[in-house]
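Visitor: Single-letter residue listing:
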Amino acid sequence: MARVREISSGRKPLKRAYVAMFLWFTGRAIQAAAKADNQVKSEFEALPENFTFSLGCLPDGPWMVVGKKNGVVKYLGGKLPEKQHVRLAIKNLDAGFLILSFQESTALATTRNRLVTDGEVPYALAVIRILDIVEVYLLPKIIASLAVKRYPKHWSVARKLKGRIAIYTRALLGL
Amino acid sequence: MLLPDYYEFCCRVKLIAGHDALEKIPELLAAKGARKPLIITDKGVAGAGLVDIVSRAAGKLDPNLVNDSVPPDSDLKVVHELAKLYQENACDALIAVGGGSVMDTAKGVNIVVSENATDLMAFSGVGALKRPLKPLVAVPTTAGTGSEVTQVAVIKDHDKHLKMAFGSYFLLPDIAILDSRMTLTMPPFITAMTGMDAMSHAVEACYCLQKNPLSDAHALAAVSLLYAYLPQAVNNPSDRDARLSMAIGACLAGMAFSNSMVGLVHNLGHATGSVCGVPHGLCMAILLPYGLEYNLHKREEAIAGLLLSMAGPHIYKETPEEQRAQKVISLIRKLNDDLHAKTGGRHARSLSEVKDRDGKPAVPREALPQIAQAALLDGASVYNPEETDYEDNLMVLEAAWEGKPLDRAKVKKG
Amino acid sequence: MKVESLLSFTCPVKMNSGNKVLEGLPFELAGLNAAKPLILASPNDTPPKAIKILLSAFGDSKMTFGLFDGIDEAEDLGTIEYLKNICQKDRYDALIALGGRAADAAKVLNMTVSYKLPDARLLTAETTINKPLGPLVVAITAGATGLETSSLAHFGNRVYRSEYLAPSLAVIDPRLAVSQDAAAMACSGLAAFARAVEAHGAVPENPFRRAYSFAAIRFILENLPAAVSNPGNRKAALAVANAAAMSGCALADGGNTGLHKIGQAFSGTGRGPAGMIMAMALPYMLNDYKVNGGFDLAALLHPLADDDTFAKTPESERADAATDIANRFVSGLQKTAGKALPRTLKETGLPGYLLEDLLETLDAGPDGARLCSVARRMWDGVSPDAKKG
Ligand SMILES: NC(=O)c1ccc[n+]([C@@H]2O[C@H](COP(=O)([O-])OP(=O)(O)OC[C@H]3O[C@@H](n4cnc5c(N)ncnc54)[C@H](O)[C@@H]3O)[C@@H](O)[C@H]2O)c1
Ligand SMILES: [Fe+2]
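Chains as they are written, first to last, in this note's numbering: chain V, 1 to 175; chain H, 1001 to 1414; chain F, 2001 to 2389.
Isolated chain V, as found in the complex (with noise of 0.2 Å):
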């Protein structure tokens, strides 16, 4: 007769790796897009002194951090503080890959119950409007308008150009 077998789970350290790297990347780019985007910066700038928030995945990482101290924006690393204010959390490593992939981006991630929020709403939701903003510039149009609702079409063409060669730039460099 069969027996019942023990088993630990695996490790995905491929899939983790890419994970750790996106969220890293993503953390540098929404400290650039604060220096480079009118918008993000407007949006920080109605945040609290001190404001701090994580994106990263469930049950234990990987994380990124992001905060505001003296009014400036910066990553703060892939260690989770003691305190935040939005704790975004993809609820596994392989929806953290959709995530981070750009296969869904952030909004239509939380539409689809892949992510818990934590934290007070109005704060969370400016969160979401700077991945949303910060996504436009990442993306190629083609996927970054199937990742947020409305491309801002708006936008001059400046904005996009100027905007996205600063944020690349200062997110690899790390200004």
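To be clear, the hints were calculated from the coordinates, so they are not data collected in a lab.
Values in this document were obtained by computation on a predicted structure and should not be read as measured data.
Be aware that one or more of the hints could be misleading.
To be verified - Away from chain F, derived, C-beta distances all over 10 Å, residues of chain V: (1) 9; (2) 21; (3) 24; (4) 112; (5) 119; (6) 135.
Said to hold, decoys possible - In the BS3-like style, the derived pairs of lysine-lysine whose C-alpha atoms are separated by at most 25 Å in a straight line are: (7) 1413(H) <-> 1360(H); (8) 1298(H) <-> 149(V); (9) 2062(F) <-> 1130(H); (10) 149(V) <-> 1410(H); (11) 1130(H) <-> 83(V); (12) 2131(F) <-> 1036(H); (13) 2089(F) <-> 1130(H); (14) 1043(H) <-> 141(V); (15) 141(V) <-> 1298(H); (16) 79(V) <-> 2131(F); (17) 2036(F) <-> 12(V); (18) 1084(H) <-> 1043(H); (19) 1298(H) <-> 1342(H); (20) 15(V) <-> 2131(F); (21) 1084(H) <-> 1130(H); (22) 15(V) <-> 2036(F).
C-beta atoms are modelled at their ideal positions from N, C-alpha and C, and glycine is treated no differently.
Once you've looked at the hints, dock chains H and F with the ligands against the given chain V.
Guide: Same frame as chain V, now just chains H and F with the ligands:
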């Protein structure tokens, strides 16, 4: 039927509906092993004699365990007082008799007594609850919010001016009893607006981003009951079949929207409610046509699909395909007009028509920018199919203030 | 609407469907306060690779879980007793059933464990089940019975019934919904179709049940043919699996309906799956409903036809139109499937004496005479209309 790439649907509540459904309560409580329920209600509901009916049907409730202190909306202090009452009397179940305010309060009490919580706040947000709570029987007395089947509760902390939201499948009541006797006493004006709240749940469920085949099926069933019976219930408040149909319709709508979520109508409605104090149902009635118009370009098929449920085969068949969505919108407007006429004008059709208690306009035009701004802080925007920013909100609010159809050429389309 | 007597409905099952649903299991289990699930599977009833796919979904969750892939056709309470002891000893706190057969076993195991029965072999169909059981998750697979989500457990020739038997969660993942077995796909879809049709038409009308059955019927009509012609078609197979899960939630009257009963009775003989039998019985049963009443055939036209067709059909013609669509749908699939979906009981090779036994079983209920006459007609497939006069 559309199968989304991913969806979830859940409504674990045991539903009992009928003209004598309340009589089932003793048996249902016994099946849960409960003997000593605490009954939570508000003064309006108790004053209408509804608790007496429940008490008679449920076999003599202990009058010391009936408490009617729930204020409009809810209040953190009251939640803790009720929890104390529950614990001091070693109660083992909760019966909530009332509208959305009572349901929310009872859910809050249930968290406190089940988790032995000293601070309710520790359980706010989504996912903080990890295990089943005490048995909760929901007896709705308005056919509107659907909170007898929703997994959320909103509790107000009046001292700190905070609104705490709780979300968990464990907040779903165990049992919902839909009994026509519970809504017979609702005056036409409240019937009309709470009924339009239910209608807005069903309609928004059909176009919001989290819609799925099961939320659709529930929403369509809801629309057909609500559209057919709302005018009847308002015209003839003692029509038991109309009342029960409304209760069932509102419940189906609740099942639909708590799984598909709501969008622009609730987004702007919540903001209008908090800035100007307009009752939720009235906001819903006024804004519903605009939610449809604003999202029409993204959801024409879904909106057109409502026509059959609403108006029946004859009108559906007679309306050319390309005009069906528009027809749905005009039928909703017409329904509002009828309700306006039948309630002596109390059922307002535009924001400018809404009056406060003293008969003065409740929504001054100058308040619209503030409402548009407040709406940016409300989560419902996430689930609306089209993006909404401050200018979009203001444009919709202005049209709704004047009571004119939305100029759809002005809607920014993505 | 008129509600004469009490109307009730419960579906305790949460439904998660779509891309990467399985990977959500650790999160869902945590929400059910479970940390160490025991997975039950049946080697003969599970698509190849299904176990591997399920196990890999737990990757990176740091969870420990048990796997038992020995649920077999014998459906022996001894196995349940063995599993109960393991659950208690090794502290498993949730069950995950992979496929329909495992779901039945898991429900029975769940009862045994949750009620701390001294010995599973003491279970009888009369054992009272009146308290919530532990967390149970069913993974819907290709070839789903459609009863995974129901409050029934069929195990070892017994039927256990209780709302508490239904699982807390059903996961429907396209990777488990696809298969290579067209006949199994057809039977699974037809079982869902037949049960949903009965749930939708059952009187008195129940709008909650109708919502589930409406969606199930539409999904089957729109997707089953494509799924049968290519069971590897992810979209179509996922829709069929959804319909199967929905049909179990909608199951009318605790399964006390004609097609369901006939399906269960005959599939118990091992002459074919319930779906095949129910498809065979459908035209005769619908005819019986038409002649003897107690069923709302006209309302069925809405899920069976598209909105336009429904709206254009005059009320007096709806019942016939509905019957016609349902019959044509079933016979179309029977034609495609050939031998896998015989149209008469004779063709299944069922010996005559067994038929008589079964008729006796069917005759026991209040609708016995009706069911027997349906079953007799299924024997040689003489058209019900021809026999009517
Ligand atoms: N939890 C949820 O899912 C959810 C959803 C929507 C709204 N809500 C909350 O629900 C509240 C609104 O609920 P509501 O619209 O049901 O109103 P309500 O519960 O505030 O009741 C409105 C008034 O009607 C009276 N009343 C209720 N039933 C009556 C009856 N049968 N006869 C006579 N009078 C009766 C009440 O006493 C009260 O004065 C808001 O606080 C809102 O935040 C909760
Ligand atoms: Fe509402």
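Visitor: Output the indices of the hints that this structure fails to meet, ascending.
Guide: 1, 4, 7, 14, 16, 19 and 20
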